[in-house]
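Those protein sequences? They're chains A and B, same order as listed.
Residue numbers for the first sequence follow UniProt numbering, beginning at 1 and rising by one.
Residue numbers for the second sequence follow UniProt numbering, beginning at 1 and rising by one.
Hints are computed from structural coordinates only; laboratory data are not their basis.
You may find that some hints are simply not true.
[To be verified] Some chain B residues judged to face chain A by a derived CB distance under 7 angstroms, without partners named:
1) ARG76
2) PHE93
3) PRO107
4) PHE236
Ideal Cβ positions, reconstructed from N, Cα and C, are used throughout, including at glycine.
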Amino acid sequence: MSIPPATRRKIIVPSVMITGLALLGLSICVAVSVGAVVVPLQTVWGIMAHHLSPALVTPDWSTGQQAIVWQIRLPRALLAAMVGAGLALVGASLQSVTRNPLADPHLLGISAGGAFGAILALLHTGLFLGLLTVPLMAFLGALGATFLVLSVSSFAQATSADRLVLAGVAVSFIVMSCANVLIFLGDPRAAHTVVFWMLGGLGLAQWDQLIYPAVILLGCAAWFMMNAGRLNAMTIGDETASTLGIPVARFRLAVFIVGALLTGVMVAFSGIIGFVGLMIPHIVRMMVGGDYARVLPASALVGAIFLIWADIAARTLMAPEDIPIGIVTGLIGGAFFIWLLRRKA
Amino acid sequence: MTAAALRVQDLSWGPKQDLPVLHPTSFEVGAGRILGIVGANGAGKSTLLRLLYRFLRPDTGQVLLDDRDIWTMSARDVARNIAVVLQEQPTDFALTVREIVALGRTPHLSAFASGGARDATIVMDALAQLNLADFADRMFGTLSGGERQRVMVARALAQQPRLLVLDEPTNHLDIRHQLEVLILIKGLGTTIVTSLHDINLAATHADDVLVLSKGEMLTFGPPDHVLTEEMIARSFGVRAQRQHLHPSGDAHLTFHL
């Protein structure tokens, strides 16, 4: 790359962040505008402004448009943004502590664990804690899968970073099989819905539920940001990081637990959406360099924008049908993976 | 930089009870002196170093830094006093040389704070000491092996250690960079403990040499006293001949099977 990093830091990074924020806002508006019924952008802004402060705009739209924009598409776009930001943050952080650029909540089996927990709640245990049941069970499932990955890697003495990812792939297969058994044993009609949810979809977004992923996302993002320096130090090696005074094993465990929390909750609301956590941090490092103080916020931003557009594609490619968003991210992610392989070789 | 005195008393370690990798070992390194550790592969050099930088907890004995047991200090406190250059290579995560060197400031920063102007100056000084000022904004991943090693030494210097521990710092370096690294660390003024696989380099650059063989310290002292032909035969299993170079008159060891 020909751009000197100093210039990159001073000029490109702030402009990436400002452009990113503007693009995020615009993407949300476009996502709300397009679909089976197109609502003009002006009307979208009118409805949003009206809801923020009713005196601001006089309604000149139908109640149908109002319901589509405010009740259906806006919460969906916001959920897409949160899931994209969350998965990208988890991917970026796991890549540092495993020192593996291929680490991703999906590849490491954490998403599968989340799905297992959510399916258990949806098909078998019932919602014994109300709305919180599915996210909580998904978190516990993700956490369980995480510990399984960590114990498999220590059992197989696969302590090196690359073998940890192999352990993750193995656990992912096993947990996914168990999840499929749960679906197989469950009520067939409900199972149909669950299979669709598992392929990834944001269609169930509702205002009264958005608060859960929002709170978890903000909390986890803040924790990751506070540890940006440690995440940098972890990339130079376990032993060297420990000579810098970092409690390496404990810190890695903490990152895995916070990552499981964030992944589990996102999976509960959106199903399994792969490759966001793998892809986004790579693209971001090309734009802003490798310092985690910049990688983390930029990943959240780019992840959010990416998933909003992936959802737009999912809703429009075969309109009026919604195709599961996991299919879209899987296609793009798989192609990205191949490009990455070629670039490394 | 100030230097710390290192005292090692009855230090031993093994992964299991009856599997000692390092038998009880005692020695002292005065403040500002350079200790070279030599020994055949598997002699326990890395284990001894790991005990010195508090990565392994000793089974018996103590490591005393200016008479303080390093296990009574916090990990952070130790990191402010002891810096380590290992052969571990950073994974390429698009960090610049400056960002890698700045990691050396980690133990000195209060939690969650990024460095201030003083830290930036220390990082620049460390870069300058290793002739890396022009490399500051280069991506670490684009450097050659020798340049990377210098970056890791600069990172250790940014830690402002009172004891610097190096594990085979000359490995994989060409002869020019080997000499540069050794001459540089000699001029630092801190106490230095380094393992070296090249016995002649140890003989010319260390104040004291410690010979390890099968987890035991065979001898310890100034190179001329310690690196005798018998000692090398015992620890490395080779015949050594001590010769004098012409015209400098320096001692030089040659090895034969």
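Residue hint ARG76 of chain B, partner chain A, criterion CB-CB below 7 angstroms | holds (4 angstroms)
With a cut-off of 7 angstroms, does the beta carbon of PHE236 of chain B approach a beta carbon of chain A closely enough for the hint to hold? violated (27 angstroms)
Hint status (Cβ of PRO107 of chain B to nearest Cβ of chain A, threshold 7 angstroms): holds (4 angstroms)
Is the shortest C-beta separation between PHE93 of chain B and chain A less than 7 angstroms?
-> At about 4 angstroms, which falls below the 7 angstroms cut-off, the nearest Cβ of chain A leaves the hint on PHE93 of chain B intact, so it holds.
Comparing the model with each earlier hint shows a violation of hint 4 alone; every other hint is respected.
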